[in-house]
Amino acid sequence: MMVTRSYMSRREVEQQSFSIPVTVLVPLGAVLLQVLLPRVFHGLAVLDLPFIVTLFFAISRRSPIAGTVTGAAIGLLQDVLTGQPIGVNGMAKSVIGYAGASLGSRIDVENTKTRALLAFGFSLLQSVLLYLIERRLLGIRAFHLMWLHELLRAAANTAVALPVFLLLDRAKHQE
Amino acid sequence: MDFLRQYKNALFLIAILLAQAIALAVQVRRPMDAAQPDGPSVRLIRLWAMTAVTPVERATHAVGSGAGHAWSEYIDLRHVRQQNKELQQQLARMRIEEAAISEDALEGRRLQAMLGFRESYVGSTVAAEVIGASGSEQTHMLTIDKGSRDGLRPDMAVITQNGVVGKLRDVFPATSEVLEINDPSSGAGVLLASTRIRAILRGTLTGRVQIGNLTADSRIQPGEQVLTSGGDQVYPRGLPVGVVESIAADPDHQPYTAIRVRPAVDLDRVEEVLVITGTQAEPTPAAQQDLADAAAQHAADLSAERLPGIHDDETPGAANGTAAATPPAANAPATVPHPLPTVHSDRFTSGSTPPASEMTPGAASSAPSSQGAPSSPQAQPQPGATK
Numbered sequence: 000m001m002v003t004r005s006y007m008s009r010r011e012v013e014q015q016s017f018s019i020p021v022t023v024l025v026p027l028g029a030v031l032l033q034v035l036l037p038r039v040f041h042g043l044a045v046l047d048l049p050f051i052v053t054l055f056f057a058i059s060r061r062s063p064i065a066g067t068v069t070g071a072a073i074g075l076l077q078d079v080l081t082g083q084p085i086g087v088n089g090m091a092k093s094v095i096g097y098a099g100a101s102l103g104s105r106i107d108v109e110n111t112k113t114r115a116l117l118a119f120g121f122s123l124l125q126s127v128l129l130y131l132i133e134r135r136l137l138g139i140r141a142f143h144l145m146w147l148h149e150l151l152r153a154a155a156n157t158a159v160a161l162p163v164f165l166l167l168d169r170a171k172h173q174e
Numbered sequence: 000m001d002f003l004r005q006y007k008n009a010l011f012l013i014a015i016l017l018a019q020a021i022a023l024a025v026q027v028r029r030p031m032d033a034a035q036p037d038g039p040s041v042r043l044i045r046l047w048a049m050t051a052v053t054p055v056e057r058a059t060h061a062v063g064s065g066a067g068h069a070w071s072e073y074i075d076l077r078h079v080r081q082q083n084k085e086l087q088q089q090l091a092r093m094r095i096e097e098a099a100i101s102e103d104a105l106e107g108r109r110l111q112a113m114l115g116f117r118e119s120y121v122g123s124t125v126a127a128e129v130i131g132a133s134g135s136e137q138t139h140m141l142t143i144d145k146g147s148r149d150g151l152r153p154d155m156a157v158i159t160q161n162g163v164v165g166k167l168r169d170v171f172p173a174t175s176e177v178l179e180i181n182d183p184s185s186g187a188g189v190l191l192a193s194t195r196i197r198a199i200l201r202g203t204l205t206g207r208v209q210i211g212n213l214t215a216d217s218r219i220q221p222g223e224q225v226l227t228s229g230g231d232q233v234y235p236r237g238l239p240v241g242v243v244e245s246i247a248a249d250p251d252h253q254p255y256t257a258i259r260v261r262p263a264v265d266l267d268r269v270e271e272v273l274v275i276t277g278t279q280a281e282p283t284p285a286a287q288q289d290l291a292d293a294a295a296q297h298a299a300d301l302s303a304e305r306l307p308g309i310h311d312d313e314t315p316g317a318a319n320g321t322a323a324a325t326p327p328a329a330n331a332p333a334t335v336p337h338p339l340p341t342v343h344s345d346r347f348t349s350g351s352t353p354p355a356s357e358m359t360p361g362a363a364s365s366a367p368s369s370q371g372a373p374s375s376p377q378a379q380p381q382p383g384a385t386k
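Protein sequence lines, in the order shown, are assigned to chains A and B.
Mapping of the first sequence onto numbering that gives the first Met the number 0: position 10 corresponds to residue 9, and the numbering continues sequentially without gaps.
Mapping of the second sequence onto numbering that gives the first Met the number 0: position 48 corresponds to residue 47, and the numbering continues sequentially without gaps.
The set of hints was computed from the structure by calculation and includes no laboratory data.
Do not take every clue at face value.
Stated by the list, open to error - Not the full set, but computed from the structure, chain A residues with beta-carbon under 8 Å of chain B: (1) Leu31; (2) Gln33; (3) His41; (4) Val79.
Said to hold, decoys possible - Just the calculated beta-carbon pair ranges, DEER-fashion: (5) Gln220(B) / Val23(A): 53 to 61 Å; (6) His68(B) / Gly28(A): 43 to 51 Å; (7) Arg4(B) / Val159(A): 34 to 42 Å.
Values in this document were obtained by computation on a predicted structure and should not be read as measured data.
From the three backbone atoms N, C-alpha and C, an ideal C-beta is built for every residue, glycine too.
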């Protein structure tokens, strides 16, 4: 007699959710901190806290649609508060949310090294996306991609993302 | 249907991106208006967001400034006496310098009036505190705690005592957004102080400030002061903007040069600002009074300096030069000037010639000739001698 094995994808096994307060307040807090922290120390503008939160929710939920919506919402709010044309960060973070969720369902995103690689790589991807949006869509010819600066930004985002991810892990609801 | 089900995630992403791209296109295509940089719908969204965020920003600012105030005013008081003494000395020096500068300012205004120039002076300002920043490296904006209720409108210039900060971009009822001069979308008409070259100052994506519409000119050197030209109808003329830091060829816009300017204001650490709400053709009454006082003081100083011998040292007020400005009374006795003592006496020197009663007509002069001067065949009468 042949044993029947049912296949359940990694996404179905480990999809995680968050409570509504966490879902709403964490992105809001990230955007607010992004606005307030550079007032205290201007160098902190190199960080992108909304990006870190977008990536965390995307790889944790492992749902591309949820990741896209989360990224779009956080990015649009960031655009509104930073005075940029509405849609610049919205588009970039929509892609980050989608890609993060798609990748999160295929690899182990609980590992610290994997998380570091993800944060670093997606930070660079966001820089490229912002460059394309500013340069191609908005036609800002003076916009240049300064690779060294973007590498430093990616490193800084990674350094902050790891402890933030550990902190936010406590807010997960396993399903 | 299978196609939609199979690619629903990707299709959803494409739909979201498309919607945002259309929104971006609408924002970019809309003709820019200085008074309304955003369309009505975008402005409404920004207003809601700002209304939601402003209380948090105010609270954070209040806590931060309260802690800073407590530290600086009550705890960290080291060297305060020494600083106070130094500041007083500096104030005294600046008063003297101001008196000298006021004369040049008056002369400049007279020349401008002759040439028909129309100067605009800062007429009224509103003080505001910075409560937030854009938090992005792509944009350089500040949020201040004053808005349309305080009489602010878009495009008003924002300054500090050191120089120009930027201009108002979005004005909401209780808050406003300041577009700093180092924002990529910012621009200002400027004047190089010594060469008098007019130019356009722009922000860069790296948060720097530079002039990019000038070709290479050897007269422009690092250290030259950059002032507002007044030509942009936003910033009044003559406000300090910064100092030329470096000059290099602009690889993206040949044959223009990229003249980097170091802003006069530390744009990353602005705490309080002044919004210029009105300009006027004449200085304010207080400023006029200050100028008049300084000019009078300067005139008195000049008189005291140029006419030192006319004053009697015993006259009260002579020391500070006030006597020089006072005309002599009509019945005052005429002052006879005394000749200065002779350094090298000769035969013409007063007192070196014998009196006329001792001279013999036709005889050679017995007085020795000093300095090798040829002896006169005839005695010279004493200067000033009466017959």
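Q) Can you name, in rising order, the numbers of the hints this structure does not satisfy? A) Those not satisfied come down to hint 6.
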